[in-house]
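**Q** Here the protein sequences line up with chains C and U, keeping their order. FYI, full-length UniProt numbering numbers position 531 of the first sequence as 531, with every residue one higher than the one before it. FYI, full-length UniProt numbering numbers position 61 of the second sequence as 61, with every residue one higher than the one before it.
Don't read these hints as lab results, they were simulated from the structure. A hint or two may mislead.
[What the hints assert, rightly or not] Have a look at the derived ranges for each label pair, beta carbon to beta carbon: (1) Arg469(C) to Asp80(U): 39 to 49 Å; (2) Glu11(U) to Arg575(C): 56 to 66 Å; (3) Lys63(U) to Tyr496(C): 50 to 60 Å.
[What the hints assert, rightly or not] To spell it out: a stretch of chain C is covered by chain U in this simulated footprint if at least three of its residues, at any positions, have a beta carbon under 8 Å from a beta carbon of chain U; those stretches are: (4) 145-153; (5) 163-173; (6) 238-252; (7) 262-273; (8) 315-325; (9) 345-353.
Note that CB positions come from ideal geometry on N, CA and C, so glycine has one too.
What follows is each chain in one-letter form.
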Amino acid sequence: MTTSPIYSPHAARETPVISDAAYLASLKKVTQYYIVTAFLALFIGVLIGPLQALNYGGINVYDTPIIKGLLKSYYQGLSLHGVLNALVFTQFFISGFLLYLPARDLGMRINMKFAWFTYILMTVGLLTAAVPLLTNNATLLYTFYPPMEGSPVFYIGAAVMVGSSLLVVGQVVQMWMRWKRANPGRVTPLVAFMSVATWMMWAVASLGLVIEVVFLLIPWSLGWVAGVDPLISKTLFWWTGHAIVYFWVLPAYIAWYAFLPNHAGGRIVSEPLVRLTFVMFLLNSTPVGLHHQYADPNISATWKTMHMFLTFLIAIPSLLTAFSVAASLEDAARARGGRGLFGWMLKLPWGKPTFSAPVLAMVSFILGGAGGIVNASSTFAPVIHNTAWIPGHFHITVGTATTLTFMGISLWLIPHLTGKRMPSVRLASAAVWTWFIGMMVFALGMHWEGLVGVPRRALISATAQSVYRDMPIQIPQMLTAISGVILLVSAVMYFYVLFRMLLSKRVDDGEVTSPIPYSEVISPAGQNLAGASALVRFTEPLLALWGVALLLVLLMYGPVIARLFANAELVPGWRLY
Amino acid sequence: MNQRLDHHTLEKYENIWFGIATVMALFLFVTVLASFFSGTYPSLTGEGGHHITGVKNGRLNPKNFAATPFATPGLRQNADGTYEAFVVARAFQFEPAVLKVPVGKPITIHVTSADVLHGYFIEGTNINTTAIPGQVSSFTTTFRRPGTLNVICNEYCGTGHHNMINGVKVEVQEP
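Turn these sequences into a full structure, and let the hints steer you where they fit.
**A** See below:
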């Protein structure tokens, strides 16, 4: 059912043709459902955001009658904001995006019944977890550290939702293996390679959270076991909890590497290097989680230091990405007549939101990555751990690098999937720029407050003591409050564009008017393994590398967790919200 | 001159950049290690890092502090002249509410929780540890200036979390 176009190594890849129109329509539909569900979650989550920003601006709006009628407390609002934006939006978007891309890139048929089943199961999990969240029965924040105890319905719903993503892993890996069998000796095309590597990384990463929720928290919340060891739970949580940020950011990397050069009018720098980057992430993303636990007792400093070292190493593939994508942009700008050491930047299409969104997301990620190095250093961490610095940090990483990239993707992906048109390029462009500016201002305010000593996720605007009124934080508080307003305006513009687009009529054939924006390549990986470079041949056996990744995690976590279990101290649950 | 980038130039730059990135990561690691060994921040100990009555492997029963020094939180001076302080975090206060410590003396502080997770963060310092029910966090530090510092709970612990603020009073000892 698929035909391959004539192969040319430097040309942009042409999407293999799928002749079965009904299958293609169904594949597009399930992808659209994932993406739209993701953005509905983001819509609700983002609307709660300004309430948090105003709190850090010293203004408590949780006592106003309207808000009080909807949310029991700041902490319930914050739980919803975190779960919807960081966990639901990302996972649904990625499950759609990284199911669709490899299926199209390889031109493979997948079992659509299974794909729909997975979507429905994930949504049922989401709706199940939503009930206790909305009724203030799971006000645990998105880290849900025990022994603060929530309704078992929350843990079960969350387990079903997160567990469903593993079904996507299975479907994508199985599809890739079928392609490998059908195409012996071939090099996996780049987009499919990156997608499969990302899913494999997520499978290894998610194990910690799955074990925590299924084997520890669900039995405990149902009363089957008397207590829970908070440190074991927290350690398993961060097994997943740090790698999950790479699960959020790697799909953005895929767009930066594969599609951004096209939006800019440039070329991918080097396919072998991109493959190396993704293999480094597959191997190294997970055994780094202890750097979130420098402040925790009873985990030896030696293990923490080893995880710190591995965390520094994971900066390398990100630095390679910064190099490659910047080179792609320079290539594009010079092709458009750009000149000079920095002058070429002016030649880039800054008014085009499919371009500006990922590029501004990257700029944000450079700053976020630098801050991340600070967080990962055990010597710096005690100064900023659990201060407002941390939400400042992750709003310019997941909140901008990931979210703004996904917003930009939606502007070509929705037209591609549905044949509908973006109603206003100018409004979309304004939404992208204001999101970037709002997040920069927010991050400045929050990093600053954190350095002074303001803790994260606390209703500081209603603190009885005068501590925060006495701190020199008037300027950062003002910045944070203003940023909440900028971001609200940005969100209104973005969602207006998105919903108007979704509610409009189909006018185009998305395959023709908004094809998958593949880019030309300067240094291709080639098509046949036999003639490929050593780097391409080393990176191709992803199954074996997946095994190595799992082994590395077991080596770096096994002894730590075994020791925690040997000394487990179960404590009872509490509900203090 | 407006040539587009080619494979060979890029490969050269790539390798240089890769080298710089690797050296940077290693340099960071070495500097952190140096700081670790020179003791510029209070390193946490647990499991055998302390010998407290009723505490085994850094663990204790949070419902039974009676068998441990956490039954009477506060500062004490040991027979050998060293100082130890015991702090209990409990929704939504620290015990003792004001920990009095002498200026310029090394003090080992032990922190635990009676209920959920709490954070033990002393404003303006790099003292920042988690108070976990069933576990003891211990670290040694020296307060060099007299005065009162805020102790802020920086881990979500329920509706009163933002009011969980107490203090450390650093005092000049009478000779």
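**Q** State for each hint whether it applies.
**A** Hints, one by one, checked against the model:
1. Between Arg469(C) and Asp80(U) the Cβ separation comes to about 43 Å, which falls inside the hinted range of 39 to 49 Å.
2. Checking the proposed 56 to 66 Å range against Glu11(U) and Arg575(C) shows it holds: the Cβ atoms sit about 59 Å from each other.
3. The supplied range of 50 to 60 Å is met by Lys63(U) and Tyr496(C), whose beta-carbon atoms lie about 55 Å from each other.
4. Taking a C-beta to C-beta cut-off of 8 Å, the segment 145-153 of chain C contributes 3 residues in contact with chain U, enough for the three needed, and the coverage statement holds.
5. Taking a C-beta to C-beta cut-off of 8 Å, the segment 163-173 of chain C contributes 0 residues in contact with chain U, too few for the three needed, and the coverage statement is violated.
6. For the segment 238-252 of chain C, the proposed coverage by chain U is not satisfied: 0 residues have a C-beta within less than 8 Å of a C-beta in that chain, short of the threshold of three.
7. Under a criterion of three residues with beta carbons nearer than 8 Å to beta carbons of chain U, the stated coverage of the segment 262-273 of chain C is upheld, 3 such residues being counted.
8. Figure legend: the segment 315-325 of chain C, annotated as covered by chain U; annotation consistent (6 residues with Cβ-Cβ distances under 8 Å, at least 3 required).
9. Coverage of the segment 345-353 of chain C by chain U is violated. Counting CB-CB distances below 8 Å, 0 residues qualify, and the rule asks for three or more.
Violated hints for the displayed structure, listed by number in ascending order: 5, 6 and 9.
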